[in-house]
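Novice: Here is what each chain is made of, one letter per residue.
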Amino acid sequence: MAAQTGKRYTCPKCGSEFIVTKGGDGELMCGDTPLELKK
Amino acid sequence: MNTIEFLQISSAVVPDREALVEVGGNNKRITYAEMYPAVVKLANALTALGVERGQKIATMSVNSADYVITYYACAMLGVCFVPLNYRAKDEELSHMLNVSNCQAVLVSDRYIEIVERIRGTLTSTQHFIAYDSKHDNYLDYDRIVAEASDDEPWVEIDDHDPTILIFTSGTTALPKGVQLTYLDMTVYVTNQPPADPEIHDKVLVSAPFFHVAGATAMMLAIWSGRTLVILPAFTPEGWLQAVHEERTTHAFVVPTMLKRIMETPDFEKYDISSMRQITYGAAPMPYEVVRRACDIFPPRGCGLINAYGQTESTATLTFLGPEDHDLSTETAVKESRLRSVGKPMPDVEIGIMDERNRLLPPGEEGEICVRSDRVMKGYYKQEDATSSAIIDGWLHTGDVGKVDEGGYLFITGRKKDLIIRGGENISPGEIENCLEAHPAIEEAAVIGVPDQDWGEVVKAVVVLKPGQSITPGEITEYCKSRLSSFKAPQYVAVVNELPRNPMGKVLKNDLRKAYGTATNDHV
Chain A
1 MAAQTGKRYT
11 CPKCGSEFIV
21 TKGGDGELMC
31 GDTPLELKK
Chain B
40 MNTIEFLQIS
50 SAVVPDREAL
60 VEVGGNNKRI
70 TYAEMYPAVV
80 KLANALTALG
90 VERGQKIATM
100 SVNSADYVIT
110 YYACAMLGVC
120 FVPLNYRAKD
130 EELSHMLNVS
140 NCQAVLVSDR
150 YIEIVERIRG
160 TLTSTQHFIA
170 YDSKHDNYLD
180 YDRIVAEASD
190 DEPWVEIDDH
200 DPTILIFTSG
210 TTALPKGVQL
220 TYLDMTVYVT
230 NQPPADPEIH
240 DKVLVSAPFF
250 HVAGATAMML
260 AIWSGRTLVI
270 LPAFTPEGWL
280 QAVHEERTTH
290 AFVVPTMLKR
300 IMETPDFEKY
310 DISSMRQITY
320 GAAPMPYEVV
330 RRACDIFPPR
340 GCGLINAYGQ
350 TESTATLTFL
360 GPEDHDLSTE
370 TAVKESRLRS
380 VGKPMPDVEI
390 GIMDERNRLL
400 PPGEEGEICV
410 RSDRVMKGYY
420 KQEDATSSAI
430 IDGWLHTGDV
440 GKVDEGGYLF
450 ITGRKKDLII
460 RGGENISPGE
470 IENCLEAHPA
480 IEEAAVIGVP
490 DQDWGEVVKA
500 VVVLKPGQSI
510 TPGEITEYCK
520 SRLSSFKAPQ
530 YVAVVNELPR
540 NPMGKVLKND
550 LRKAYGTATN
560 DHV
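Top to bottom, those sequences are chains A and B.
At position 3 of the first sequence (counting the first as 1) the number is 3 in this note's numbering, and the numbers step up by one without a gap.
At position 423 of the second sequence (counting the first as 1) the number is 462 in this note's numbering, and the numbers step up by one without a gap.
Just chain B, with the same shape it has in the complex (with noise of 0.2 Å):
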């Protein structure tokens, strides 16, 4: 199934409903109706520029009505579509550009400058346009959509082409472009009824829509027919305001979000009775700000689901509902699951596998590997990488975890993180759940560091919470009594703040960088 379906289908079924909102910018609200012809026309303006099937469009902006227009433009081509990380380095985006063969690139007023000084090192891209403003050398979005035909286009396309190129942040290597195609997308959304002229969701994104997690709630949104509400850059405020003003019903948030959320002041001048789920995911969620929103959101009548996933399976592989995170009855079993992602969607099979791919039974900790329809046609143009990543049908994610009787995934860390103390492997995620526990410790990442006697020792990077002070013996006594003592920190950091991706991933590359050393500092 071709993605302009969802559109076409929802505009069939709800032509008047509002498709997207933006809030906190423009302000732009566009019909299901209004929208299908602006997607036909910006289709035919790129096929005026000699833009056809297979060919790759790239777009670097923030969130907007048109960069999701744009998406659907390719897709009703079978032009695979390349939305850029804005926060990527120069030498990062031309190579994502030029690896992919971009005929075009859509840029937003913001961006423009970056461009420019990455367009002399960019060999397939031809037509620059500009979404806002008029500027020089590029062509300007709203003109060439106003002289294109609105006649239908129909092309082909096939199941399995790449409809959406994600590159991956890369910490040591150049980003990997993810492909994902039709069908990924379409398993993905099917999973939620189609548009239905009687239920009428609104979704609130605030997540990137070059991150997969943006990426897919354009999608769902589009094939459910719900408004989706589009905040291009966030703050608690304005999420909370986009609340309150478009009664939404939907969003997703990453952890550090959530928590900003929270402890807004104003947080309860906010009318947020029209909230009925929030997902969370994309990074780690500390389990003191997952038991908070769980006090905050269920008793008024939004449930809380975690989505665990990467963009090697299009998102979500296993998810945590609204009924785990209901506290009102079996606290306990409940409280120690919120430490837990889940269990698998109905088309994800999960297996935990030992180092040589064989499946190990529930409560042994290994490799977290997947097999469903979502996972991703391969790594673009990088065969190596695929191989290694998809073995006999299963995805290898890189993430440490294990099952739990009751089928609950617990994550414990990253294959890459994982830290050998003496033949002993130690999981950073079991001794930073420990010290988030800590009443002095706001956040901790742990690391492993050189050591002469056991190879590795464990290193912990702490914040502490305002006006709180702990020594380094301190924090390994308080780890000793909770946890095997050969877990314990033998060497603390004490930092201002954790390095963090856009999506509030912590990267421990940077810290081990930092403060890979086997000592104690403070900083």
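Excised from the complex, chain A in its bound form (with noise of 0.2 Å):
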């Protein structure tokens, strides 16, 4: 999953939520925990 920059993802363990100011290759983690994309 690349990440686009202005795009933003929730940790759906803890709730963090994240902002991309730099896009970039490869998937987007919170600890052992995948990123999802937030619609």
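Think of the hints as simulated: they come from the structure by calculation, not from any bench.
Hints are supplied without guarantee of correctness; some may be wrong.
[What the hints assert, rightly or not] Computed footprint of chain A on chain B, listed as stretches where at least three residues anywhere in the stretch have a Cβ under 8 Å from a Cβ of chain A:
| no. | segment |
| --- | --- |
| 1 | 40 to 54 |
| 2 | 234 to 243 |
[As the list claims (entries may be wrong)] Okay, derived cross-link-like pairs now, BS3-like style, lysine-lysine, Cα gap no bigger than 30 Å in a straight line:
| no. | chain 1 | residue 1 | chain 2 | residue 2 |
| --- | --- | --- | --- | --- |
| 3 | B | K67 | A | K22 |
| 4 | B | K504 | B | K526 |
| 5 | B | K552 | B | K416 |
| 6 | B | K128 | B | K455 |
| 7 | B | K382 | A | K39 |
| 8 | A | K7 | A | K38 |
| 9 | B | K441 | B | K373 |
| 10 | B | K552 | B | K128 |
| 11 | B | K382 | A | K38 |
| 12 | B | K128 | B | K454 |
| 13 | A | K22 | B | K80 |
| 14 | B | K416 | B | K455 |
Idealized CB from N, CA, C, for every residue including glycine.
Build the complex from these two chains, which are given one at a time in their own frames, with help from the hints.
Specialist: And the structure:
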């Protein structure tokens, strides 16, 4: 999952929310939990 | 979260978008990619002057792009920003600068003369910086910025540090400094989504940045990656022209501004189809004005929001949303709710309390109190005033109101403006609403005046519509037919205009001084 600048992600485990300020390849993780794209 | 991160995020996410646009003045246009380095350079310029975390810097200027850049440079350094009310009296300005120990003050051309008048009274201000032209005894803003380093400074801040000190206008005493923290601002802005490359809103700000409404507009615009269109001095034509030319989508206005906008003779000449939301607040909205606005704006796709709050609560506490202003359905109930200030924001808890600080049930009138992470840190160097305002975690707003069964908050007056007639509490708001519904009355304010029998009785101060006349007796009878008879004004003053502060709030203390006698007056 490529992370695009400006997209927001949430951690389904802890509820933290993330915003991508510089896009790139690779999967985004919170600890060992993959982040989910916030719709 | 340091508020500088609002800018860091937006400048990363929407670098090519215009961040700051000045209209009606210098017409500067600055993108997010340009704004961030400008902030870095000013922060370094201030550091070179010896300014450091925990100190304070003031501005004395009309709204401008440099004003916003100055705030974010202060945030970058952990320096508390002190935006001065340029309409304050000399004595008040000296007080604000001295009590807050401001190290530096940045001044626009228009206010150099005032700052020079008070310079000799200042005890801590070492650096005077001129934003515009060159002046003797002033550092030149452009020059110190040009000579500053490009290196990005990094200063650790505590979320509970004050980031801005806003002095509230004192009507009976010197202004009190309200300390709002990085956390207050963070909680405020995160009610809205952050910058998004696919959403480009443009917000028109005409409220001064020294007022909490202007300051929070500046915070929210940068957090949300909006273009902040800055109108330094409000005129209805200038506002409409800015909407027309810049295609703005959002705006904040005070009630008097909205009224003047709608009364502009060439209103239809301007294209306002880009507007999606107008928020109004900072002073009570006359019902007739908002009712007219409901016929003008929502049918054109522009929602209306009434935002109620105060400096001490980092602006908005409750809001009446666009759906409440859309009168195409449930017209009667919505019309009655237009007199309310809506429901609490998600992070705000409202309580109505009696004089012994006990919570009252819905429908009962009392002081509006609030709990939220957005409540101020306190009044600067005024512990007694702070402990009177914040009791057991509740901020006491000083406003009186009630919540209806639907959860809508109605404000009926200020606690200090309550009229006590023979032991009966009377809120001026209800009487003012009644008076302003009279076809001959343009606007009205109600005060208490001394009375030998009742202690206090009601006096109305009214401005008539052009060409209208009415006798005090007719006003009394009109109110008696619509209100409990003890609430009807016993005395009336007919005046040309009501004294108001810059945001349009009626200055009741001035009214009491001028018309506080048990007489009928005609000015």
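Novice: Straight-line Cα separation of B/K382 and A/K39 no greater than 30 Å?
Specialist: holds (26 Å)
Novice: Quickly compare the C-alpha distance for B/K382 and A/K38 to 30 Å and report which way the hint goes.
Specialist: Since the Cα atoms of B/K382 and A/K38 sit roughly 27 Å apart, the hinted pair holds (cutoff 30 Å).
Novice: Check the hint pairing A/K7 with A/K38 against an upper bound of 30 Å on the C-alpha distance.
Specialist: holds (8 Å)
Novice: Given the hinted pair B/K416 and B/K455, is their alpha-carbon gap at most 30 Å?
Specialist: Since the Cα atoms of B/K416 and B/K455 sit roughly 23 Å apart, the hinted pair holds (cutoff 30 Å).
Novice: Quick one, are B/K441 and B/K373 close enough, alpha carbons at most 30 Å?
Specialist: holds (17 Å)
Novice: Are B/K552 and B/K416 close enough, with their CA atoms no more than 30 Å apart?
Specialist: Outside the cut-off at roughly 33 Å; violated.
Novice: Need the status of pair B/K504, B/K526: alpha-carbon distance at most 30 Å?
Specialist: Holds, at roughly 23 Å.
Novice: Test coverage of the segment 234 to 243 of chain B by chain A using CB-CB distances below 8 Å; three residues minimum.
Specialist: With 4 residues in contact (Cβ-Cβ under 8 Å with chain A), the coverage given for the segment 234 to 243 of chain B holds.
Novice: Are there at least three residues in the segment 40 to 54 of chain B whose beta carbon sits under 8 Å from a beta carbon of chain A?
Specialist: holds (count 5)
Novice: With the threshold set at 30 Å, check whether the alpha-carbon distance from B/K128 to B/K455 stays at or below it.
Specialist: holds (24 Å)
Novice: Within a Cα-Cα threshold of 30 Å, do B/K552 and B/K128 meet the stated pairing?
Specialist: holds (19 Å)
Novice: With the threshold set at 30 Å, check whether the alpha-carbon distance from A/K22 to B/K80 stays at or below it.
Specialist: holds (23 Å)
This entry does not satisfy hint 5, going by the numbered hints stated previously; all others are met.
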